[in-house]
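One line per chain: the protein sequences are A and B, in this order. Note that my numbering has the first sequence beginning at 1, numbered continuously upward. Note that my numbering has the second sequence beginning at 337, numbered continuously upward.
Among chain B residues calculated to face chain A with C-beta under 10 angstroms, some are:
(1) Gly527
(2) Phe567
(3) Ser589
(4) Phe608
Because the hints were derived from the structure by calculation, they are not lab data. All C-beta atoms in this analysis are idealised placements derived from N, C-alpha and C, irrespective of residue type, glycine included.
Protein chains: 2
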Amino acid sequence: MIASDPVIALDAMGGDDAPGEIVLGAVQAARDLGVRVALVGPREVLEAEIAKHGARPERITVVHAPEVIGMVESPALAARHKKESSIVVGLKLVKRGEADAFVSAGNTGAIMAGAIMYIGRVRGIERPSIAALMPLSGKLTVLLDIGANADARPSYMLQWAQMAAAYMERVWKRDNPTVALLNIGEEEGKGNTLTQQAYDLLKASPLNFIGNVEGRDLPFAAADVIVTDGFTGNVVVKTMEGMADYVMGEIRSAIKSRPWYMAASVLLLPAFGKVRKKTDYREYGAGPLLGTKGLVFIGHGRSDAKAISSALRVAAESARSGMLEAIQQTVPARSS
Amino acid sequence: MIASDPVIALDAMGGDDAPGEIVLGAVQAARDLGVRVALVGPREVLEAEIAKHGARPERITVVHAPEVIGMVESPALAARHKKESSIVVGLKLVKRGEADAFVSAGNTGAIMAGAIMYIGRVRGIERPSIAALMPLSGKLTVLLDIGANADARPSYMLQWAQMAAAYMERVWKRDNPTVALLNIGEEEGKGNTLTQQAYDLLKASPLNFIGNVEGRDLPFAAADVIVTDGFTGNVVVKTMEGMADYVMGEIRSAIKSRPWYMAASVLLLPAFGKVRKKTDYREYGAGPLLGTKGLVFIGHGRSDAKAISSALRVAAESARSGMLEAIQQTVPARSS
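Working from the sequences, and respecting the hints, build out all of it.
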């Protein structure tokens with residue numbers, strides 16, 4: 001369907017601060033950004049949350065889903081058995097064409113498993129992949145896989161790169177997006193068996209492959225798309241988060257160690273604020289799940305109202321962008 | 337031999353700022369810390385460098401090695417064929433017992449290959465490993481492998497953890513050091529095939545294994561020893577370095593954006609200096625190569641005089657600590 005005025009299904013119960021922050025994010029996106037939102041969760045809970053923010057915006061509807069999948073439940077089991085959960089109900093709205101995309105900051109594994117179960121993979125895609133949007137250096141980079149596939153194969157990585165390039169082209173308007181492989185040296189031939197083989201596939205593909213990048217290049221937007229296996233990708237995004245927290249925390253405590261540092265630092269608050277904003281994943285909301293036949297976006301467990309409203313905006317833009325069709329075209333047509 | 341007054345062989349030609357910074361580091365370690373150093377490199381070059389710093393300290397000797405192995409040469413070939421290089425000559429000093437340890441900030445692969453070729457592996461150790469000392473959070477953590485073995489096996493990882501625990505116990509006086517596995521979730525059962533199997537081996541071992549840690553725990557000294565495969569370890573240390581550079585750089589440029597920020601920041605310089613010092617690998621000098629029959633330490637390519645003098649001090653302490661014997665004891669004795 002991909003309407004010009006798309007409807008985004010939102011898991012109101014997913015995330016550390018659900019449903020409060022999630023519902024607030026939906027209200028803000030509906031009111032300030034004009035996004036149409038189908039809030040999915042227990043009806044009475046959601047109505048009560050919405051009521052806290054004044055008159056209910058016209059662009060918000062509520063879809064009842066009495067069950068909740070917890071953050072640490074077994075993903076596949078929960079997705080299979082909790083059919084009345086906000087995740088499963090939301091995914092089915094997309095499957096039936098009643099919503100154009102699904103956004104959740106809930107149990108990543110359950111969203112992924114549910115998306116494959118209820119929406120299905122794009123024909124020819126071996127494994128869907130979860131991508132992270134990295135807002136560093138003022139230029140957006142997409143890193144994938146960040147955890148859907150801990151054990152990867154070179155052929156998966158090629159498909160992930162192709163899908164992510166299509167996404168960057170359609171949604172973020174990158175012309176002939178650059179693709180790099182995360183590796184342990186810049187030269188061809190470096191790496192473990194997996195990256196050596198993936199390098200060869202990427203090099204032989206029609207992608208705009210620029211070669212290897214290393215860990216130290218990650219914060220500096222070295223390419224539009226950076227591809228890696230799900231184990232390394234997951235470790236790396238968490239390392240970046242931990243390191244940003246660590247350095248900012250050390251600066252804070254160094255400043256607090258002397259009264260005159262504190263006085264000086266007050267003058268610098270806006271400068272620190274700029275840095276925080278740049279390293280803040282919330283500016284871009286949620287990363288796409290690439291390779292399923294419907295649009296699914298997975299937000300950070302710590303998502304607040306701002307992150308959710310950004311995610312809803314990006315989901316609506318993605319629905320309008322034709323990215324799903326572009327991803328389907330990355331896979332060679334089969335006679336069947 | 338392991339003398340009470342050990343001699344440390346130092347590759348004067350290894351590193352981006354060799355020989356200037358390296359020789360200066362040796363002079364400082366000899367003069368200020370009383371370390372006995374055998375400087376290895378082309379005699380005339382080294383004599384000229386030493387002469388720049390006044391009277392030659394008694395505790396420095398020069399061992400002539402006319403060849404140099406470049407930073408990007410093929411490691412195994414260079415180690416095999418450049419027998420008169422500072423790396424090979426230095427390693428042979430250790431082999432013959434004329435030095436108690438070898439320190440180099442040169443071509444990591446060549447040091448590693450040369451150490452196996454000329455000094456040899458500890459009997460029973462499948463693969464030697466390069467460890468990084470992480471000086472964050474004021475408490476030292478050792479992370480390994482950081483690149484010697486891009487393709488790892490669970491049995492390698494168990495041995496690395498055992499050797500690193502022996503090192504932390506002997507050199508850094510940690511009592512019953514804690515060991516953790518870098519993984520993509522805290523719970524048992526998380527991870528890829530490699531980490532799932534490594535988990536089982538670590539759990540069944542006599543090590544003080546505390547389970548999985550994640551990327552975000554790395555800056556916060558979550559364990560005395562953190563073990564991972566060489567691919568992930570290499571990506572992660574470079575990511576941490578890149579992220580620290582990135583955040584500090586962003587703060588610098590935010591401060592430079594307004595004159596009054598700059599004025600305020602001058603007052604904060606000592607506070608920033610503290611943070612820089614804490615995230616500075618140079619405080620601890622060089623990481624040990626674990627699993628060879630002699631002590632070898634590999635410094636950062638960007639090592640300056642301070643890093644080298646720290647490395648020489650730690651190498652001398654390590655020679656006195658009995659860590660080599662402790663590492664040999666981690667491997668079950670074989671009848672042969």
